[in-house]
Amino acid sequence: MNIKMVRFNSRVSYTLLSLVASFTVCGILLLIVGYNPLSVYGIVAEGSLGSSYSIMKSLAKATPLIFTGLSVFFADQAGLFNIGAEGQLLIGGITSGIFAYYFSTIGLPPFVSIILCLTLSFIAGAVWGFIPGFLKAYYGANEFIVSMMLNYVAQYLCEYLVTYPFRGPGVTAKTNEIPASYQLPRFVDVSQLNLGFVLGILAVVAVFLFFRYTVSGRRIRTMGRNNVAAVISGVNVRKETIIVFLISGGIAALAGSTEVLGVHGFYINDLSPGYGFDGIAVSVLAQGNSFGVLIASLLFGALRSGGSRLDLRSEVPSEFIIVLQAAVVVFIATPRLIDMLKIRRRGSSKKKEAIDG
Amino acid sequence: MADTILSMLGSTLRISLPIILCALGGMFSERCGILNIGMEGIMLLGALFGAIGSYVSGNAYVGLLFAIVLGAVIGLMHAFLTIKCHTNQIIDGVAINLLGDGLSILLLDLVWGNKGKSTEVAGFATLDSIIHDIPVISDLFGSLNILFLMMIILVIASYFYVFRTPWGLRLRVIGDKPEAADSMGINVERSQMLYVMVGAILAAIAGAALSIGSIRYFSKGMVAGRGYMALAALVFGMWHPILIFLSGLFFGFIQALQINLQVYDFPVQFIQMIPYVITIVMLVLTSKNNKGPKNTGKPYIRGIRE
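Residue numbers (this note's numbering), protein chains in the order written: chain A, 1 to 357; chain B, 1 to 306.
Misleading hints may appear alongside valid ones.
What the hints assert, rightly or not - Restricting the straight-line Cα-Cα distance to at most 27 Å, the calculated cross-link-like pairs of lysine-lysine (DSS-like) are:
#	chain 1	residue 1	chain 2	residue 2
1	A	LYS239	B	LYS298
2	A	LYS239	B	LYS177
3	A	LYS239	B	LYS294
4	B	LYS177	B	LYS84
To be clear, the hints were calculated from the coordinates, so they are not data collected in a lab.
My request is simple: use the sequences and hints to build the entire structure.
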């Protein structure tokens, strides 16, 4: 086995161990508060993988996570942190909701309309992402706080747009229903799984190729790995920071766009039950690997779709899944925790510590 | 008019209390070099545990104790992970916020069988009963409670601690140059663990001030970004207790203004946006020439040179 394979294998086994540890810790938590963890996990597994319908549901739930995860991942490659995916998603969603309906009223061909909507959403999200990027690059404003505040601003802005100027008919505030032919086509009528999933995979491939084969991608990665080296080799860090936030915001907006165009057919308040924050967990789990984003999204999508069954079939609220995500983030981000477990198991703690110093 | 202004100033004081307490906690954490983005989640869980303690005992002080214990536990967790295991401080903070989101609803459902909101629980008595005969004073301070007095004492005590005692000097050295602190014989890791826990406890008390201090119930997501606002107040207050107090008052005032503006016939969403937009503006205005503790965000590893 060559060295790359060894590294890859240890990465995979480490990830699996982290996942097992997270499920165990959360299982213990369930036991403490008086639930049976095995039956809870059983319901989640059945709800996410039990039938072809639930598998499709898991893939559908994974779709927005691919985009938000990819968005956070993209910024992470530059050593930046985009916690604003949630707001960018909403902005992308409302853009698609408004324009798809408008394009259908002026009789644009559906195919053109869908492409235009995706593009416009990307641009709108990029503009939303531009704000923290610009403020970070030129004013040194902490991008977490700015992005987080912008999430709230986006939420209220979209709430205003959908409540007053662009409200469609009906009791609940939502935009006009987009005609079926102007929506992203579904694979099967009964499932929410739609073309957005394929777009997500394409986006992952595109980001992979971007970082692997383009100069710009290389520059961004250099910046993420060693800021000083990047500056010395002539990277304009300010400019790159803004570019990264533009693209990252645009990708996150596609999550909202595909949700509106593919799942709902209109924009509605509470479009996202925290997909933007799931994106952070996805990016952490991906550990710097573009295709890891895809796999992590599938896992968290499955958990989300299985978790929604908890509300129906058990006493445990579906929000348990968020706790599980938090545990996964902690274990993946803390290699030392797993090392400690391993050392215990081998019973050679002293030797190992002596080597580590 | 005068009544409106008085009541607005009164609500400014009430609303700024949790922001100031949380920012003060953030100050201890960041001054010793450890970022804690998880303030929002700690506040949320502090609010919940405050309500639970108050609910099971019927006594708000027990609720406060619950919140303090919760803060200490989460603080210890964050400290252990970031200081001993060198977990990325931001990512661990994000994990704490996720934990807060999920666990608060899980426990809310477990205790009250409702995923939205708890029943009414015992809260702290307001000062109104003592001072309601004094006209202006009662309007200003009537809706406040013992936690507000505690906060004032804490702000002043923190100022003296950080800038006038040897321990405070050591704290500042740890945040700026941990190697120097280490060579002075200070146990850097142990001090950091302690201050991170203090910070988390203050954030948890800030959360309890929301649930059992003013409205006497817990509701889902009730912190609504105040933890992040506190972090902004910390930057705006230049990691200095007195300035944090003043910037916290300012953020409280903006919130009070926002609530008072809602009566006008204007889309409420734009008014609700105000505090968040102002936070961004303040951050932009103060960030450029404002450098906090120099070594915040990086783990201190003995013997490694930059």
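Here is how each hint holds up against the structure:
| no. | hint | verdict |
| --- | --- | --- |
| 1 | A:LYS239 with B:LYS298 | holds (25 Å) |
| 2 | A:LYS239 with B:LYS177 | violated (31 Å) |
| 3 | A:LYS239 with B:LYS294 | holds (25 Å) |
| 4 | B:LYS177 with B:LYS84 | holds (18 Å) |
Violated hint for the displayed structure: number 2, the only one.
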